[in-house]
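Whenever a hint applies, use it, and build me the whole structure from the sequences.
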Amino acid sequence: MVRIVHAARDIARVRDISTVLIRHGFGEVVARLGIRRGRSAGEGRRRESVVPESTRSGGSEPPDSADLASDATPEDIAHGDAALRELSVPVRVRRVLEDLGPSFIKLGQIVSTRADVVPPDVIAELRKLQDSVPPIPFAELRAALEQSLGRALGEVFESFEETPLAAGSIAQVHRARVRADHGSHDVVVKVQRPGIARTIASDVDLLHTLAGWIERAIPESRVYSPVGLVQQFDHAITNELNFSLEAENSSIFTQNFEQMPQVKFPRVYREASTKQVLTLEYLDGRKVYDAIEAGFVGRKLSQIALQVMVKQIFEDGFFHADPHPGNVIILGTPEHPVLGLIDLGMVGRLSPRVRDLTIDLMVSALRKDYDGIADAIYSIGNPTEKFDREAFRSEVGLRAERYLGRPLKEVQLSGLVRDVVQGATQFGLKIPTDFTLVGKALMTVEGVGRELDPDIDLFTEARPLFLNLLKKRYSPERLGMELLRRVERLSDASDTLPQQIHEVLEDLRFGRLTVNAADPGIVRAADLLGKRMFVGLMNGSMLVSGTLLISTRYWIVGGLFLLSSIVWLATFALMELYRAIRGAATRRRRR
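The sequence shown finishes on residue 617 if you use our numbering, and the numbering steps up by one all the way, no holes.
Simulated from the structure, these hints should not be mistaken for lab results. The beta carbon of each residue, even a glycine, is placed where N, CA and C say it ideally should be.
DEER-style ranges, computed between Cβ atoms: (1) T486 <-> E427: 12 to 22 Å; (2) M601 <-> D521: 55 to 65 Å; (3) P160 <-> D207: 34 to 44 Å; (4) L510 <-> P160: 53 to 63 Å; (5) Q257 <-> G537: 37 to 47 Å; (6) E508 <-> Q452: 29 to 39 Å; (7) V561 <-> D521: 57 to 67 Å; (8) R375 <-> L510: 23 to 33 Å; (9) H528 <-> S277: 42 to 52 Å; (10) S377 <-> T486: 23 to 33 Å; (11) D521 <-> R375: 24 to 34 Å.
See the structure below:
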């Protein structure tokens, strides 16, 4: 691995991860990941080395294994052995995620919504990450709160409950009454956990390092853009840590849904909010699963959630990117339920073009138009190599048939999108990272919807929503705006085109016009030719020298020259054969 760790905090985080895994009985997992285990030199106690086997050759020299040894003590190892015997795998997974911190807790929250693929016992345990994250002491929280607000707690709030309403992976939420111009109001105060920004920065730095290593070690993975995905996650989590941006997001969502009473977003009290503190209107409702027990109908809630997400993604292009059950509060009555959406720090945005292409994809799926699905995915992505359009259409048709050939209520739109995108990447089609957020949001809503009502037919429920969006796209108002925009572009082009043509003709007249043609393979071919010429010249020289030495009765020296020449030539031939076989195998995998 090239430059696995760049700073001391990365080394500390690697030690922490290794220790946590060992403490909770996952030493075998560490071994299966190819992590070398052994005793560090000079240590009086057992240490677990976390230098992967792949770092032993190639690239720059990694740090000494002792620097990367975990801090696992014999007690940690004994604790892991006991956990392995006494606790179930779901419990140990949850405890690992809790110990590793907010980035990993976020991952667990998303996984807890996938009832279609995750076992029920694991889901039941991961749900505790949403409501049972260990809180931090109020005294520590109060100091951070007053420092951020720049005022004493009593000056801003009439009352403030010390017991948290909820403890999240990034922030802790307390009920309070805020002082306002027209009296006091019930609010919830979201306070960022002290030191959380540094912890997340360390995790993100480590992810950047791993993503870079993956792209260098596995060139075919570049079509997935691991570095780009980590950069997007870095941007999203940085925005989520800035509560001022979440306040702006809430205002945008409120404006977008003014005409839809089935959904509500909390009001922001900006006079009691900062980048680390967010004071919001208290939504007096129930958690999703508590609402079901109280008599709310799961199907109706699923239908509203689907309508909300379709409007956010495909109509507004501004959507909640983390809509797991912990971020939904059920208001209203069982007859007229209202979805309250909170935790608006992580959002996604789609450009109008990608939004329209995504609608085309969904409508084609509803119509079982496999070529339409392939064409939409091709337009969304960017080819990174020579693209076989017909072969791609055939592949998409085979993959789509696995989903669209089922009974309607069993169709999984998120699974269809995921499988088709996987097929696209095999053909060298690079999918924008914005589109992956759409798949993630659909996956979450679909998983929760089927968990609330296993018999719901989301495919049929989605059909009229997408067809209505398609009608809006071709409405006279939008067509008129699009025509006007194209006329404006044509007018601009008519002004600049004559000047550009004149410049080209002038360059041609004075001999300044040059045409450059680049062949991507010419550098490699020249390098290979140079190596072969070097090997040929050296072997030829050694053969001639050896022959001359033998003819002058220097048998031993001449024989060594001849033997060295033969061994060198055979080694070079074997290496060329190996490269050819590996290249052919790589091309077959890409196809």
